[in-house]
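In my numbering, the protein residues as written are 2 to 303.
In short, the hints are calculated from the structure, not lab data.
Where hints are given, some of them may not hold.
[As the list claims (entries may be wrong)] Listed below are the simulated DSS-like cross-link pairs for lysine-lysine, each with C-alpha atoms no more than 27 Å apart in a straight line:
1. Lys159 to Lys237
2. Lys271 to Lys298
3. Lys159 to Lys115
4. Lys159 to Lys207
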Amino acid sequence: MNGRHVVTGVYCAAATPLKASGDPDLALFAEHCGRLLAEGCHGIALLGTTGEANSFSQDERRAILESALAAGIASDRLMPGTGVAAIPETVALTKHALSLGVTKVVMLPPFYYKGVSDEGIYAAYSQILETIGDSQLKVILYHIPQISGIPLSIPLVKRLAAAFPETIVGIKDSAGDFANMQALVTELPGFSVLAGADPLLLPLLKAGGAGCITATSNLVADSLRLIFDHVSDPAKATEVEAAQARINAYRTLSNSYVQIPTIKAMVALKRGEDAWLRTRAPLLPLNDGERADLAAKFAALD
């Protein structure tokens, strides 16, 4: 590590709109990416958990990434998720991104088999990176054990960062354990530790973290950017605290029901676009009662 973060800033864990047919709405997705950048995001972390990535085929994932690029989103502002259960498919998705000039990716470990050792996870990442063999690639590891069932321990992360120092440059920590994030910042100077939970952005930045990749940035990118830009400015401390409080309120509301359908319903309310209400099974849209309750509470925010 060189002491400087390779990936830093506010990245949106972008939701993916669907057509009535259930196919990804590529035009609306590309428009959403443009709006998020205009509202303050440094970049778009598409095809992650919030983006329902693991409900899409490889072809669909490729098309979603290509749609953003075709709409004029710069390749260096996109950071797709490419980690899936099978190593050859992770390699293929990552190579596809690289072929389009997209060099930064977020990579889950192979996640189907549970209870695997750190040695096994290390072997998987090593095989992926050695097979790809591209010096341009920058990987953000994805630690979300409550969903993947595969924790990325600090000793494992340190070992991977030491073995691939120019490639494995950071981690998205979505476990919600601030002590783990602090330890990563302390033990890996220059490693880009990115918060996956919006309420932890401010404390993580104060501890020396690199930024965030969060779901609520689909809704309040401006507030997240304000925090990122002014965290060290005493004159802006009141504004920063108010921005974090606003973010927390949106995050709390997004947890009222199943989070991803709720985030999408909140985007539908913000944008006035009902296409956002759709989800891909096994996730289901909010029912009419839930939507009415959410709409009333959403209107009271800000």
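Hints versus structure:
{"no.": "1", "hint": "Lys159 to Lys237", "verdict": "violated, 35 Å"}
{"no.": "2", "hint": "Lys271 to Lys298", "verdict": "holds, 13 Å"}
{"no.": "3", "hint": "Lys159 to Lys115", "verdict": "holds, 21 Å"}
{"no.": "4", "hint": "Lys159 to Lys207", "verdict": "holds, 22 Å"}
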